[in-house]
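S.K.: Protein chains in written order, with numbering that gives the first Met the number 0: chain S, 0 to 718; chain L, 0 to 149.
There's no promise every hint is true.
Simulated pairs of lysine-lysine, PhoX-like, Cα-Cα distance not exceeding 25 Å [unchecked claim]:
no., chain 1, residue 1, chain 2, residue 2
1, L, K140, S, K602
2, S, K246, S, K231
3, L, K148, S, K666
4, L, K112, L, K148
5, S, K703, S, K573
6, L, K4, S, K666
7, S, K569, S, K553
8, S, K569, S, K703
9, L, K140, S, K666
Here are some chain L residues the structure puts well away from chain S; computed CB gaps all over 10 Å [said to hold, decoys possible]:
no., residue
10, D11
11, G16
12, V49
13, E52
14, L59
15, K112
16, H143
Calculated from the structure, these hints are not laboratory results.
Note that the Cβ used here is the ideal one computed from N, Cα and C, for glycine as well.
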Amino acid sequence: MSEILSPSRRGFMIGVAGAGMTITFFTACATNEETPEVNAWVQIGRDDTVTIRIARSEMGQGTLTGLAQLVAEELECDWERVVTEFATPGRNLARNKVWRDFSTTGSRGIRNSHDYMREGGAAARMMLVSAAAARWKVPAEECAARASVVTHAPTGRTLRYGQIAAEAAALTPPTEVALKPASEWTIAGQPKRRLDTADKLTGKHLYGADLRLPGMLNASIRQAPKRGAVLKSFDASAVASMPGVRKVVPVGDAAVAVIADTWWRAKSALDALPVEWTPGEGSDFSSAAFEAVLDEGLTAHQAFVGNSAGDARGAIRRAARVVTATYSVPHQAHAPMEPMNATARWTAERCDVWAPTQDAEHALEVAAEAAGLPVEKCEVYPLICGGGFGRRGFADFVEFAVAIAREMPGVHVKALWTREECMQHDFYHPTTKARMTGGLDAQGRLTGLHIRISGQSISAGVAPERLVNGGDPGVFQGLMPPEAPRQDHVLKYSFPNLLIDHAMRNPQVRPGYWRGVNSNQNAIYLECFMDELAHAAGRDPLEFRLAHLGASPKAAAVLRAVAERGDWGKADGKFRGLSSFHTYGGYVAACAEVTVDEHGVLKINRIVAATDPGHVVNPQQVEAQVEGSFVYGLSAMLYGEITVENGEVQQRNFDTYESLRIAEMPKVETIVMPSGGFWGGVGEPTITVAAPAVLNAVFAATGKRVRNLPIKDQNLRTA
Amino acid sequence: MARLKVNGRVRDVEVSGDTPLLWALREQLELTGAKYGCGIAACGACTVHVDGEAIRSCVLPVSSLTEANEITTIEGLSRSGDHPVQQAWAELDVPQCGYCQPGMIMAVAALLKSTPNATDADIDSSITNICRCGTFARVRKGVHLAKTKS
Ligand code: FES
Ligand code: FES
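Isolated chain S, as found in the complex (with noise of 0.2 Å):
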């Protein structure tokens, strides 16, 4: 084992070469003299650094300074001295999983660990507190904390944490812990800037793409283009005396890597390789032939049933009038901008992995499994990811770069993707079609609404465990009844008769978590169809709306708020669209306003969004995700679109899957009403909300429904 791998070490640092940065790659280990350990959240050095632990990925949505801020809260600590590392999940294996859950998806990071995070803090106080009132000799509640200093009442004697982190450390730690209730923070709930900026700034901040090792080799991958094909040849001779390449290898049996001194060279050799692939299964696969598939689930006879209120088919039966509409969205691909990669160094022995990993567990795993080891002898480092938006909950690229490192023993190896990798070798968001069918009264009431969704399951994908008797009960988001294991997801419509179902149709393109996941369909199916409901039924649409949402105060105040704040219902010749959700656990809403000039180009001026995730923790850094969302979920809508074509994915790069620049980015204004009382997410709610109060602005302002996406060149004049 090399001396920088060393977990048994803490606060190693490798120094680079040439350009004097450091960066500490991880600790969470033990105790030492220097910076005791009082418990597995908090270290306190002797100069008063307090170093929280953090073992949720930090890929840019702020989880990192946000439990950080929970942790300083309860601790009482001066927030200036804080910093923070990355728990590793091997050690958190080897310490009974002392810092319980790694995976950083489904808008958990904070909401699920807020309140063990918090216990930490708190009970590291008590044990300061306590360590500092045995010093004096004086009851304990005689003390209190503040600000990295315990003060004794009665005498005002003082000690720092510093001074006292080490005699903390030995106490046994309490077993009951009271939190602060929300109104009593003053670190949390505070827009304090960001604790991982600094670095990202000046270019110090080395992320997995841009790490450096002694001796490290870097590798390039190129997988089977085609859906199901499998490496059959490659002439490694053809490359074997281009610059820099060391071996040219298979991975597993789909994919073929160079391993070359710098990448570039890689890379170049790896262009130049000649490679054969035998097709298999998929391997003839087209998106469009696929269209015929989903538009046949549409009115199958045979569905799994989601969510069902009353008897709807034989309320839209007897209704006054019936709409129908068909709505679609394609495969999208994550294209986080730091492209896939991992950097390992394989032994008979031992295998460690440094990777920009949502879910250090699951890389642990995975990386364990292709090292040929026990998870013991293997660890994963995981760093800050350059964006992850659900693709890096998967561990392919650890497999990769372990199978390729061990062609290399002793040797750390970075295997990179290039952007065209990763573009085509996605876990791609599924594809779907909804059937939307309304029963309206004479009185213009919504009666009866069935909503049938044809198409692809992520869990019969990639976690067919997660399925129920058949059917995936994830393809609901935000859809879920009353009465469901998933209250996160439940929607806040009340329907007197309803029926959601879902008639499976899988593709052969392996589909993922992608930020929002299955709600970015049902948003925008609910809620564009509700804006088509209003109007067949002369109502205005957020009434019409609000006629639904008398059972959920949350719900309706949010979408109340965008519509006051965003001039709903203004003559003033603006055009504007509404729409609200309810998942991940939060309430949010959007109020849209548009332009679509004579040639049908359309501009989004403006967006109004309130988002209520019950508690907030950095209302700065909530703001941050609501404008991020718009951009990733406004891309999807104007742009997004995987398209496969005999196997093969069509997109390979930016130029032809695009992304909203700055001139595209409309004026954002963002209102967070935490109500307090529960703990909703943040990263991922705003998303859905996004394009469905787009399109309904685009009606506004056209006449026109668009219900297939991305709109792309559709013109929304003639459309």
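For chain S, the structure is supplied; the task is to place chain L with the ligands on it using the hints.
M.R.: For chain L with the ligands alone, kept in the frame of chain S given last:
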């Protein structure tokens, strides 16, 4: 072999002439501030300055440069990370994941150098970097804030 002048220092790099500047910077000179995002000049993550102009270094072969060309990377933009754009970025907490930001900052710095009073329209036409996290609202604010600091 190529001879490049990077951040004020002349450096020899052992690469073939068709190697993009980006990879010479990242792999030979250990200047990894400029990022690889697309490799086809579509995203701007690799933006550096060549003679004061914002250039996408992923498609610029080192053979097209000589030591007469002044190359500036994010590492050389300011002595201690206090270029007006960096100051504004810190104040507004612009970065999310941050991966696009060195390129974004270099593009903005070049814009403000040529157009110190850049308007929203100037921003729209010259800042075309991709940011998948969606920091554009703060980028725009940051440009205007940076103007007040120079
Ligand atoms: S990496 Fe150069 S423009 Fe994208
Ligand atoms: S901050 Fe993440 S891509 Fe721009």
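S.K.: A separate judgement is required for each hint: does it hold in the structure or not?
M.R.: We went through each hint and held it up to the structure:
{"no.": "1", "hint": "L:K140 with S:K602", "result": "holds, 20 Å"}
{"no.": "2", "hint": "S:K246 with S:K231", "result": "holds, 18 Å"}
{"no.": "3", "hint": "L:K148 with S:K666", "result": "holds, 24 Å"}
{"no.": "4", "hint": "L:K112 with L:K148", "result": "holds, 13 Å"}
{"no.": "5", "hint": "S:K703 with S:K573", "result": "holds, 16 Å"}
{"no.": "6", "hint": "L:K4 with S:K666", "result": "violated, 41 Å"}
{"no.": "7", "hint": "S:K569 with S:K553", "result": "holds, 24 Å"}
{"no.": "8", "hint": "S:K569 with S:K703", "result": "holds, 21 Å"}
{"no.": "9", "hint": "L:K140 with S:K666", "result": "holds, 11 Å"}
{"no.": "10", "hint": "D11", "result": "holds, 14 Å"}
{"no.": "11", "hint": "G16", "result": "holds, 12 Å"}
{"no.": "12", "hint": "V49", "result": "holds, 17 Å"}
{"no.": "13", "hint": "E52", "result": "holds, 19 Å"}
{"no.": "14", "hint": "L59", "result": "holds, 13 Å"}
{"no.": "15", "hint": "K112", "result": "holds, 18 Å"}
{"no.": "16", "hint": "H143", "result": "holds, 13 Å"}
In this structure, the one hint that does not hold is number 6.
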